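Peer 1: This is what each chain is made of:
Protein chains: 2
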Amino acid sequence: MTQIVRTIHEVRGFVSDCRRKGWKTGFVPTMGAFHAGHLSLIRQARRECDSVIVSIFVNPLQFSAGEDYDQYPRQLDRDLRMAESEKADILFCPEVAEMYPKGFDTYIDQSDGGLPSKLCGRFRPGHFRGVMTVVCKLFNMVRPDVAYFGQKDYQQYLIIRRMTIDLNLDVDVRVHPTVREEDGVAMSSRNIYLGPKQRKDAGCLHQALRRAEEMVSNGESSAARVTSEMKRVINRVKGARIDYIAVVNSETLEPLKEIKGKTLIALAVRIGKARLIDNALV
Amino acid sequence: MTQIVRTIHEVRGFVSDCRRKGWKTGFVPTMGAFHAGHLSLIRQARRECDSVIVSIFVNPLQFSAGEDYDQYPRQLDRDLRMAESEKADILFCPEVAEMYPKGFDTYIDQSDGGLPSKLCGRFRPGHFRGVMTVVCKLFNMVRPDVAYFGQKDYQQYLIIRRMTIDLNLDVDVRVHPTVREEDGVAMSSRNIYLGPKQRKDAGCLHQALRRAEEMVSNGESSAARVTSEMKRVINRVKGARIDYIAVVNSETLEPLKEIKGKTLIALAVRIGKARLIDNALV
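Top line first, the protein sequences correspond to chains X and F.
With positions in the first sequence counted from 1, the corresponding number in the numbering used here is that position plus 155.
With positions in the second sequence counted from 1, the corresponding number in the numbering used here is that position plus 155.
Quick caveat, the hints were computed from the structure, so don't treat them as lab data.
Among these hints, one or two may not hold up.
Note: identical chains are not told apart, hence a pair may lie in one copy or across any two.
Dumping the calculated BS3-like pairs for lysine-lysine here, alpha-carbon to alpha-carbon at most 30 Å [what the hints assert, rightly or not]:
(1) LYS386 / LYS257
(2) LYS257 / LYS242
(3) LYS393 / LYS428
(4) LYS393 / LYS415
(5) LYS176 / LYS417
(6) LYS428 / LYS386
(7) LYS428 / LYS179
(8) LYS355 / LYS176
(9) LYS352 / LYS428
(10) LYS179 / LYS355
(11) LYS257 / LYS417
(12) LYS352 / LYS242
(13) LYS428 / LYS415
(14) LYS352 / LYS386
(15) LYS412 / LYS393
(16) LYS417 / LYS242
(17) LYS393 / LYS355
(18) LYS176 / LYS428
All values derive from a computational prediction rather than experimental measurement.
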C-alpha cells in the first residue's frame with residue numbers, strides 16, 4: 156500500500172523510523188502526471204533501496220511568468236495507483252503554503268556562466284534556481300540515501316549533482332535512462348499538450364538525435380556539421396521552432412567544436428504549446 | 156580533551172556516533188581568534204547539549220575584495236586551549252580546499268530587498284551570501300540539533316534563522332547575549348586591529364547604545380531623535396566614521412520612525428582599520 160503523506164512533519168516521522176531500522180531510503184522527486192519514465196525511476200529505487208519515497212510537487216518557483224504552471228497536469232488519483240503498482244511506500248504531496256510559507260526568502264543558485272546559464276537556462280531564466288531550491292528543501296525533509304533523476308532532464312541532473320556536492324548534502328544523486336514511446340518520443344508529462352498531428356511531429360527530436368548518433372558513429376567529429384544536419388531534420392516539420400541544438404561537454408555543458416570524449420547532444424524544440432527537450436550522450 | 160578534526164569525513168563519523176547514542180549535538184560555528192564571547196557560546200552549548208562541536212573556518216566567501224581576509228587573526232593553539240577550558244568535544248578546522256574544492260559553484264542567497272540587503276549588507280555586498288553558504292554547508296556536515304550565534308551579529312542570526320527555516324534544515328538556531336569588555340566594548344576578534352587610543356575610542360558604540368536605551372526608557376519614541384543623539388555621541392570621537400546608525404524592526408530590519416514593539420538599534424562604525432558593530436534590543 157502506498158501511503159499519501161501531506162505534511163513535512165509526517166514524512167520526517169516516516170524517514171526517522173526507516174533510519175532507526177538502518178534502512179536505505181530511495182527518493183524520486185517529481186511534479187506528478189506520471190508516465191513510464193517516472194515509473195522506471197520508482198522501480199529502480201525499489202530495486203536498490205529498502206524504502207521508497209516519491210514526491211509530487213508542482214513547484215511554482217521553477218516556472219517563469221507565461222509558462223504552464225497553471226495548466227501543468229495534476230492527476231493525483233491516477234498517480235497514486237501508478238505509484239502503488241511500483242510499490243512506492245510514500246507519496247509525499249506537500250502543499251504550496253507549507254513549502255513556501257509567508258516570509259520565505261532563501262534561494263539556491265549557481266553562478267552566472269555556470270551550469271544553469273547553459274542550454275535550457277538561456278530560455279527559462281530562474282528555472283534552475285527554482286529547481287535547486289525545491290530539491291534542496293525536499294532533500295532536507297526526506298534525507299534520502301539515494302535520489303533518482305531522468306536523463307531527459309540531463310542538465311537538471313548535472314545541476315543537482317553539483318549542488319549536492321557543493322552543499323555537502325549526503326545524498327547519492329543518480330541518473331536513469333530516458334524512457335521512450337514506441338516511435339522514440341521521450342516520455343514527458345508535457346506531451347499531453349500535443350494534438351495528434353503535433354504528437355506525430357514530435358518524433359523529429361528523436362529522429363534528429365538518432366541521425367546525430369549515426370553520424371558520430373560513422374566518424375563525424377564536426378559539431379557544426381552534426382548540428383546543421385539535426386537542424387535540417389527538425390525543420391522538415393512545419394511549425395517546429397528550435398530553441399537550441401547543442402553539442403557540449405557532458406560535464407561542463409561548454410560548447411564543443413570537435414566531438415571527442417563524453418559529449419552531450421541536446422535540443423529543445425517548441426511544437427504548438429509544448430516545449431519539448433531530448434538528448435543523447437555519445 | 157578537545158579533539159582537533161580536519162576533515163568532513165571525520166566530523167561526520169563523530170556526529171554519527173553521537174546520533175547513534177541518541178545524544179543532542181550543539182554546534183558553535185566560528186572564524187576562530189576566540190574571545191569571551193565565543194567561550195560563552197561554547198559554555199551555553201555545553202550546558203544544553205550532550206556533545207559540543209566548535210568549528211573554526213575563516214571563510215573567504217564572506218570577505219569582499221579589500222576586506223581583512225588575509226589579516227584576520229589565526230591562532231589555533233590558543234583557540235584549542237580555550238575550547239578545551241570550556242570542554243568542547245571537537246574543534247573542527249576544515250581546509251579551504253575541502254570546503255570549496257575546484258568546481259564549487261553553488262550559493263545561497265536571499266532576495267534583493269530581503270534581510271541581507273539591510274544594515275551591514277549595504278556596506279558589505281555579498282557578505283551574507285558567503286555566510287549563508289558556509290553555514291548551510293557546516294550544518295549539513297555537522298547536522299547539529301542546536302546552533303549558537305552571538306547577538307553582536309544580530310543580522311547574521313536573523314538571516315541564518317530565516318535560511319534554516321526556508322531550507323528545512325532541522326537545526327534549532329539560538330542567539331546568545333553579547334559579551335563585553337569592562338568598559339562596555341563588545342568582544343570582537345577585530346578589536347585586535349585597534350591601537351590603545353582607538354581601543355579607548357571604541358567605547359563610543361556602547362555609549363551611544365546606552366544613551367539610546369536611556370532615551371527610550373525615558374519615553375522617547377522618535378527614531379530620528381534617538382539616531383541623531385547617537386550620532387552626536389559617536390562624532391565626539393575624532394576619526395570615528397559612521398557606516399550606519401539604524402532603528403529597525405527586530406524581525407524584518409525595516410526602518411522605524413516610531414519606536415514601538417521589539418526594536419533593534421544597531422550601528423557600524425569604522426575606527427582606524429577596524430569596522431566595529433554593536434546593537435541593542437529595546
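Peer 1: Does each hint hold? Answer for all of them.
Peer 2: Tested hints:
1. LYS386 / LYS257: neither (46 Å within a copy, 36 Å between copies)
2. LYS257 / LYS242: neither (35 Å within a copy, 40 Å between copies)
3. LYS393 / LYS428: This pair counts as within: shortest intra-copy Cα distance 14 Å, inter-copy 67 Å.
4. LYS393 / LYS415: The answer is neither: 33 Å in one copy and 66 Å across copies each exceed 30 Å.
5. LYS176 / LYS417: neither (40 Å within a copy, 46 Å between copies)
6. LYS428 / LYS386: Answer is within; shortest intra-copy Cα gap is 20 Å, inter-copy 60 Å.
7. LYS428 / LYS179: Neither, since 41 Å and 53 Å both go past 30 Å.
8. LYS355 / LYS176: The answer is neither: 49 Å in one copy and 60 Å across copies each exceed 30 Å.
9. LYS352 / LYS428: within (13 Å within a copy, 71 Å between copies)
10. LYS179 / LYS355: Close neither inside one copy (42 Å) nor across copies (59 Å); limit 30 Å.
11. LYS257 / LYS417: between (44 Å within a copy, 20 Å between copies)
12. LYS352 / LYS242: Classified as neither: same-chain Cα gap 35 Å, cross-chain 73 Å, threshold 30 Å.
13. LYS428 / LYS415: For LYS428 and LYS415, the Cα distance exceeds 30 Å both inside one copy (35 Å) and across copies (53 Å).
14. LYS352 / LYS386: Within one copy only: 20 Å inside, 73 Å across.
15. LYS412 / LYS393: within (29 Å within a copy, 63 Å between copies)
16. LYS417 / LYS242: The answer is neither: 35 Å in one copy and 52 Å across copies each exceed 30 Å.
17. LYS393 / LYS355: within (12 Å within a copy, 79 Å between copies)
18. LYS176 / LYS428: Cα proximity of LYS176 and LYS428: none, with 47 Å in one copy and 56 Å across.
The structure fails to meet hints 1, 2, 4, 5, 7, 8, 10, 12, 13, 16, 18 from the earlier list, while all remaining hints are met.
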